[in-house]
Amino acid sequence: MTGARHLYVHLPFCSSRCGYCDFVTVVGRDGEHDGYVDALLHELELERALLAPRLESVYLGGGTPSLTRPAALERLLDGLPQAAEVTIEMNPETATPELARLLSRSRVNRVSIGAQTFHMHLLDMLDRRAQPDDVRRAVHVVRDAGIDNISLDLIYGIPGQEPADLARDLAEALTLEPEHISAYELEAKPGTRFTHAHGAELERQAESMETYFERVVETLTAAGYRWYETANFCRTQATDTASICGRGTTSASGSGGTTSGSAWARSAQSRTAAGGTPRRSTATSPL
Amino acid sequence: MQGERPPREVEELSAEVRDTERVMLGLRLDEPLLLAGLETSFDERELERLARGGLVARGDGSLALTKRGRFLGGGVTARLLA
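The listed protein sequences correspond, in order, to chains A and B. If you read the first sequence in my numbering, its first letter stands for residue 150, the second for the next number, and so on. If you read the second sequence in my numbering, its first letter stands for residue 861, the second for the next number, and so on.
No lab work stands behind these hints: they were computed from the structure. Be aware that a few hints might be false.
[Said to hold, decoys possible] Calculated cross-link-like contacts (lysine to aspartate or glutamate; reagent style DMTMM-like; alpha-carbon spacing at most 20 Å): (1) B:Lys927 to A:Glu363; (2) B:Lys927 to A:Asp171; (3) B:Lys927 to A:Asp283; (4) B:Lys927 to A:Glu334; (5) B:Lys927 to A:Glu356; (6) A:Lys338 to A:Asp171.
All chains, please: the whole structure from these sequences, using the hints.
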């Protein structure tokens, strides 16, 4: 009997909903963080038999996991199984030294920061709350807390994004020297506010996106990153191990995400092999 | 609900789905996909056509997308699996 080696934990709370996001999120239910964590931990007990004795990775995605009330977040992290790699998604504007220290002492060793872009007008287009400086500050705050595995999420293909804007986003990201970069093409997800407002524009610009994708790949590989997966890059001067270039270390959550990228990440993370039979298991805590 | 087990969904992957996923996920990576056990998953003529077009590269018992193929990504994989 083996069991799942990767665990994805969803924290749905957000301070506002980004127009392009089609993940399960809730806004304005701040009083429910503790109850949600209680339910998660209870469910974990019920489903523990599905998990391998030793996990390779735990991934906390959202939503905005870094928005979770600190006491509830710490309780959750303390209650989760041990894993070689524990990642949490962080929105830049939520980064504080206190939060980063909490994560560090709770065994989080990888932080995925949803930068998306360093241009204010493009952040506005995505309804992101962070400002460009928040991203830089978040990276430093996380590093200062001793967490040395940082991933930055970028989105390209935002309406109004000129090739020069993309070039600058990539340059800004490289300046921060993250161990890992995910770069997703903005996608019009059915039923989202963004698709309603800008879907036609995304269709019109679809062809030029190939050039943008090539620019992303050329720039990051020229800077020494390995293009190990369609939308994912890792720094090759860092130790080339599964913990950085691995599979199961990405989630498109919090970003636009390509359909296949998102599906790939979720699927890779939730795959189990209990009893030699591959299975996907989804357990949902009631909110 | 208090005292009730939360909803749970477990999907048993059939051999066919498992193979398809191996191909779809494997070709997103920069390492060659090992073909052992996947021989029947591909449309062989399409594979030849894509190889001639410089989109896929066949190795010894393995398959990888070329750089050009990776830029086209999902479209190439979809044709291989068609």
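Does Glu334 of chain A sit within 20 Å of Lys927 of chain B, going by the straight-line distance between their CA atoms?
holds (18 Å)
Keeping to a limit of 20 Å between CA atoms, is the pair of Lys927 of chain B and Asp283 of chain A held or broken?
violated (35 Å)
Hinted pair Lys927 of chain B and Glu363 of chain A, Cα distance within 20 Å
holds (10 Å)
CA of Lys338 of chain A to CA of Asp171 of chain A, is that 20 Å or under?
holds (7 Å)
Restraint status (C-alpha distance of Lys927 of chain B to Glu356 of chain A at most 20 Å):
Holds: Lys927 of chain B and Glu356 of chain A sit about 18 Å apart, inside 20 Å.
With a cut-off of 20 Å on the C-alpha distance, tell me whether Lys927 of chain B and Asp171 of chain A pass.
Given pair Lys927 of chain B, Asp171 of chain A is violated - Cα atoms ~30 Å apart, limit 20 Å.
In summary, the structure is inconsistent with hints 2, 3 from the numbered list given earlier, while agreeing with the others.
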